[in-house]
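Number of protein chains: 4
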Amino acid sequence: MTDLPDQLLSGYRNFMQGRYAAETDRYRELARGGQAPATMVVACCDSRSAPEVIFDAGPGELFVLRNVANLVPPYAPDGEFHSTSAALEFAVQSLKVKNIVVMGHGRCGGIRAALAPGSGPASPGDFIGKWMSLLAPSADAVSGNTLLTEGERQTALERISIRYSIANLRTFPYIKALEDEGQLTLSGAWFDISTGELWVMDRETGDFRRPEID
Amino acid sequence: MTDLPDQLLSGYRNFMQGRYAAETDRYRELARGGQAPATMVVACCDSRSAPEVIFDAGPGELFVLRNVANLVPPYAPDGEFHSTSAALEFAVQSLKVKNIVVMGHGRCGGIRAALAPGSGPASPGDFIGKWMSLLAPSADAVSGNTLLTEGERQTALERISIRYSIANLRTFPYIKALEDEGQLTLSGAWFDISTGELWVMDRETGDFRRPEID
Amino acid sequence: MTDLPDQLLSGYRNFMQGRYAAETDRYRELARGGQAPATMVVACCDSRSAPEVIFDAGPGELFVLRNVANLVPPYAPDGEFHSTSAALEFAVQSLKVKNIVVMGHGRCGGIRAALAPGSGPASPGDFIGKWMSLLAPSADAVSGNTLLTEGERQTALERISIRYSIANLRTFPYIKALEDEGQLTLSGAWFDISTGELWVMDRETGDFRRPEID
Amino acid sequence: MTDLPDQLLSGYRNFMQGRYAAETDRYRELARGGQAPATMVVACCDSRSAPEVIFDAGPGELFVLRNVANLVPPYAPDGEFHSTSAALEFAVQSLKVKNIVVMGHGRCGGIRAALAPGSGPASPGDFIGKWMSLLAPSADAVSGNTLLTEGERQTALERISIRYSIANLRTFPYIKALEDEGQLTLSGAWFDISTGELWVMDRETGDFRRPEID
Chain A
1 MTDLPDQLLS GYRNFMQGRY AAETDRYREL ARGGQAPATM VVACCDSRSA PEVIFDAGPG
61 ELFVLRNVAN LVPPYAPDGE FHSTSAALEF AVQSLKVKNI VVMGHGRCGG IRAALAPGSG
121 PASPGDFIGK WMSLLAPSAD AVSGNTLLTE GERQTALERI SIRYSIANLR TFPYIKALED
181 EGQLTLSGAW FDISTGELWV MDRETGDFRR PEID
Chain B
1 MTDLPDQLLS GYRNFMQGRY AAETDRYREL ARGGQAPATM VVACCDSRSA PEVIFDAGPG
61 ELFVLRNVAN LVPPYAPDGE FHSTSAALEF AVQSLKVKNI VVMGHGRCGG IRAALAPGSG
121 PASPGDFIGK WMSLLAPSAD AVSGNTLLTE GERQTALERI SIRYSIANLR TFPYIKALED
181 EGQLTLSGAW FDISTGELWV MDRETGDFRR PEID
Chain C
1 MTDLPDQLLS GYRNFMQGRY AAETDRYREL ARGGQAPATM VVACCDSRSA PEVIFDAGPG
61 ELFVLRNVAN LVPPYAPDGE FHSTSAALEF AVQSLKVKNI VVMGHGRCGG IRAALAPGSG
121 PASPGDFIGK WMSLLAPSAD AVSGNTLLTE GERQTALERI SIRYSIANLR TFPYIKALED
181 EGQLTLSGAW FDISTGELWV MDRETGDFRR PEID
Chain D
1 MTDLPDQLLS GYRNFMQGRY AAETDRYREL ARGGQAPATM VVACCDSRSA PEVIFDAGPG
61 ELFVLRNVAN LVPPYAPDGE FHSTSAALEF AVQSLKVKNI VVMGHGRCGG IRAALAPGSG
121 PASPGDFIGK WMSLLAPSAD AVSGNTLLTE GERQTALERI SIRYSIANLR TFPYIKALED
181 EGQLTLSGAW FDISTGELWV MDRETGDFRR PEID
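Chains as they are written, first to last, in the working numbering: chain A, 1 to 214; chain B, 1 to 214; chain C, 1 to 214; chain D, 1 to 214.
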């Protein structure tokens with residue numbers, strides 16, 4: 001009996017007997033030497049799209065920010081609390097990551113909420129509504145296009161939001177500077193939960209394509 | 001050649017041939033039916049403490065928010081953007097998770113920054129400084145206590161911050177209500193990167209102990 | 001020396017020694033008994049998307065209409081010349097096909113012209129401009145959406161045009177009636193020239209998906 | 001299970017494992033670089049006379065218009081929808097094809113309908129009747145000639161219609177000009193479904209002869 005859900009305790013037992021047992025040296029080294037991940041991933045909280053799983057990443061490899069719909073708000077040095085900006089600052093300034101990957105995914109509940117504002121459960125704070133309103137202009141443009149199917153509108157906004165977040169990354173002066181100097185790459189990716197497909201954004205055109213992996 | 005770091009592409013290939021191949025049906029079912037995770041985890045961005053790894057979780061099991069130092073700010077329905085509150089709202093109101101676990105970890109860079117404000121790299125926005133100032137009163141009290149070693153101060157603030165976040169969770173009216181009705185549990189946990197140990201917070205006392213897992 | 005391009009004559013020689021030699025009986029039988037294809041395909045003139053090739057079809061299997069951008073205009077019994085409507089009438093009324101498949105494809109020049117009217121070579125008749133103006137309302141709605149990349153706008157209109165043509169098929173009274181009686185199916189498909197992928201339209205939602213073929 | 005006839009899905013599987021697998025590079029190059037076919041073929045929708053099969057053509061080689069009885073109506077810049085003229089314009093003006101081949105065939109149902117107007121299934125629109133009325137003067141002259149057998153009348157009109165379409169091609173000012181400049185050739189051909197014979201039209205006399213192919 002612990003004050004932790006049984007399933008998590010059981011999973012933790014597997015971790016200790018499996019992965020930790022196999023990678024003990026790696027964990028000890030990472031504890032001693034500190035983390036030095038080459039890549040930061042901005043991903044969604046969704047339970048079906050964990051970056052470490054999709055990229056088969058070991059301990060110490062990915063610095064991972066996860067929020068609803070993997071959004072990066074624009075740079076706003078206004079003295080307020082910005083959890084996303086704080087994580088970016090830590091990754092880029094302190095850890096000096098070489099890559100930032102914004103990874104979205106299909107059937108995203110946050111994107112669905114953005115396309116149908118007000119349709120979710122009512123909440124006094126309406127934090128989801130406010131958070132997703134970052135995408136409101138795009139969502140309005142897409143949701144009015146009835147020539148697209150509901151599924152197409154959803155995918156379109158999921159991909160637009162990745163391009164939007166990458167554009168916002170470039171509003172952070174030091175990110176822009178490092179990218180211009182060739183010391184930092186910005187990538188976009190979109191994960192299809194159903195098929196497992198990963199679509200990668202072309203940096204030139206913004207189009208998403210499936211890389212050849214065989 | 002893709003616009004994605006090579007290591008991630010290579011890892012994705014492993015995922016497709018390994019985990020996705022083995023769990024194709026599960027992914028398809030999760031795509032069709034939507035996610036229904038029982039647990040939300042609030043964790044740190046740190047590359048050494050991915051919840052899915054530590055809890056050996058499969059797709060669809062954990063809804064995961066990750067920010068620097070796994071902080072939950074207090075409830076603030078002020079119409080501003082709050083990514084953490086948005087994720088909580090989505091998990092509790094839409095997905096109706098049954099558990100929220102705040103998981104901290106040892107050697108946390110965010111906590112270190114809170115204990116030594118101004119020691120990190122300067123940044124015009126100073127988003128990290130602002131973000132960690134949520135812990136400022138606690139950090140001040142701990143950092144002045146020279147009876148504790150540096151390591152003890154670090155661990156102390158890591159655990160204080162978990163209790164602080166759990167206390168803030170209870171400032172969200174619907175979280176408080178659901179916990180009181182026995183429909184939602186709030187847990188704290190602390191992961192030791194070096195030894196792999198997981199310390200679980202006692203809900204009564206706030207103490208952290210290692211559960212028996214054998 | 002014949003009055004036929006050399007390449008075609010050379011290809012015809014291959015046909016006689018290869019496919020015709022192997023299928024002589026089938027050709028004779030089809031000459032004697034007449035054609036009785038089960039399926040009509042409405043496809044584009046594009047040199048990269050021949051239905052017989054993509055569907056590996058033998059003689060007698062597919063009745064194929066090909067025009068620019070595989071468009072079906074709406075039913076218009078106005079006494080004018082309508083080559084598309086004439087082909088539909090022949091396929092459905094005389095040949096009694098059981099399926100009609102509208103097959104579009106990626107990188108379609110007609111669709112590109114519809115998205116950028118007036119950008120093609122000037123022509124006194126401007127038959128392309130007029131023909132593609134069937135899609136003008138959709139093209140206007142898509143081309144103004146700068147949140148989508150050029151490639152995404154192109155793909156979007158390619159798929160919208162397939163749904164449009166299928167909707168127009170249903171304006172032909174006997175096609176509608178036969179479909180309602182379950183004697184005729186209408187399908188949509190989109191061929192990706194680069195990858196060879198065939199995306200099939202879901203009849204319920206209008207979404208395009210890749211069928212499993214292994 | 002897809003919304004595509006089983007036979008087509010099965011054929012598509014063959015294509016992917018066969019022709020596409022063998023010609024992947026060609027398809028990719030054609031996608032990247034665009035199509036540049038040297039030849040346009042105007043052929044009939046008939047399921048037994050696919051140009052790519054008869055001319056053993058690879059991807060990118062033939063730009064193919066197919067309508068009932070492979071007819072080219074006369075040039076008519078009247079602002080109406082003309083699918084055949086639109087395809088010609090696209091092939092000649094945009095793709096700058098070097099050859100246009102009008103290919104008819106034996107036992108053509110459209111020609112049969114032209115020789116016996118009103119014998120087909122009644123249809124309110126009667127699009128076939130209207131479409132084939134392009135050949136009405138010729139058809140009347142031939143059908144009244146009882147010195148010819150029924151088979152001879154059919155073949156005669158099939159070949160007359162090829163000459164008629166080629167004459168109409170020359171009513172398009174830019175086609176006439178390009179032919180006069182020696183930059184575009186116009187050819188006629190007639191395919192015998194039963195024997196596989198291809199008869200090529202002599203440009204001087206209009207006669208059809210079988211080329212030597214051995």
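Hints are computed from structural coordinates only; laboratory data are not their basis.
Any given hint might turn out to be false.
[Claimed, not checked] Going by beta-carbon spacing under 8 Å, a handful of chain C positions derived as facing chain A: (1) A141; (2) L184; (3) T185.
[What the hints assert, rightly or not] Here are the simulated lysine-lysine pairs, DSS-like style, with alpha carbons at most 30 Å apart: (4) A:K176 - B:K96; (5) A:K176 - B:K176; (6) B:K176 - B:K98; (7) C:K130 - D:K98; (8) D:K98 - C:K176; (9) A:K98 - B:K130; (10) D:K96 - C:K176; (11) D:K176 - C:K176; (12) C:K96 - D:K98; (13) D:K130 - C:K130; (14) A:K176 - A:K130; (15) A:K96 - B:K96; (16) C:K98 - D:K130; (17) A:K130 - B:K176; (18) A:K130 - B:K130; (19) A:K96 - B:K98.
C-beta: ideal position from N, C-alpha, C; glycine also.
Hints, one by one, checked against the model:
1. Given hint, A141 of chain C at the interface with chain A, holds; its Cβ is 6 Å from that chain's nearest Cβ, closer than 8 Å.
2. Interface hint status for L184 of chain C: violated, as the beta-carbon distance to the closest one in chain A is roughly 23 Å, over 8 Å.
3. Residue-level restraint check for T185 of chain C is violated (minimum Cβ-Cβ distance to chain A is 19 Å; threshold 8 Å).
4. A distance of roughly 39 Å separates the Cα atoms of K176 of chain A and K96 of chain B; the hinted pair therefore is violated under the 30 Å criterion.
5. Note on K176 of chain A and K176 of chain B: the hinted pairing is violated, with a Cα-Cα distance of about 42 Å set against a maximum of 30 Å.
6. This hinted pair checks out: K176 of chain B and K98 of chain B have alpha carbons roughly 13 Å apart, not beyond 30 Å.
7. Restraint check for K130 of chain C and K98 of chain D: satisfied, since their Cα atoms lie roughly 24 Å apart, inside the 30 Å limit.
8. For the given pair, K98 of chain D sits about 41 Å from K176 of chain C by alpha-carbon distance, which is inconsistent with the 30 Å threshold.
9. Taking the CA atoms of K98 of chain A and K130 of chain B, the gap is about 24 Å. The hint holds against a cut of 30 Å.
10. Annotation: proposed proximity of K96 of chain D to K176 of chain C is violated, straight-line Cα distance about 39 Å (limit 30 Å).
11. For the hint linking K176 of chain D to K176 of chain C, the alpha-carbon distance of about 42 Å lies beyond 30 Å, and the restraint is violated.
12. Between K96 of chain C and K98 of chain D, the direct Cα distance comes to roughly 37 Å. Violation of the 30 Å bound is thereby established for this hinted pair.
13. Distance hint between K130 of chain D and K130 of chain C is fulfilled; the C-alpha atoms sit about 21 Å from each other, no more than 30 Å.
14. Note on K176 of chain A and K130 of chain A: the hinted pairing holds, with a Cα-Cα distance of about 27 Å set against a maximum of 30 Å.
15. Between K96 of chain A and K96 of chain B the alpha-carbon distance is near 38 Å, which puts this suggested pair outside the 30 Å criterion.
16. For the suggested pair K98 of chain C and K130 of chain D, the alpha carbons sit about 24 Å apart, so the restraint of at most 30 Å is met.
17. Proposed proximity of K130 of chain A and K176 of chain B is supported: the alpha carbons are some 22 Å apart, at most 30 Å.
18. A threshold of 30 Å between alpha carbons decides the hint, and for K130 of chain A with K130 of chain B the separation of about 21 Å falls inside it, so the pair holds.
19. In summary, the hint linking K96 of chain A to K98 of chain B is not supported, as the alpha carbons are separated by about 37 Å, beyond the 30 Å threshold.
Checked against the numbered hints given earlier, the structure breaks hints 2, 3, 4, 5, 8, 10, 11, 12, 15 and 19 and satisfies all the rest.
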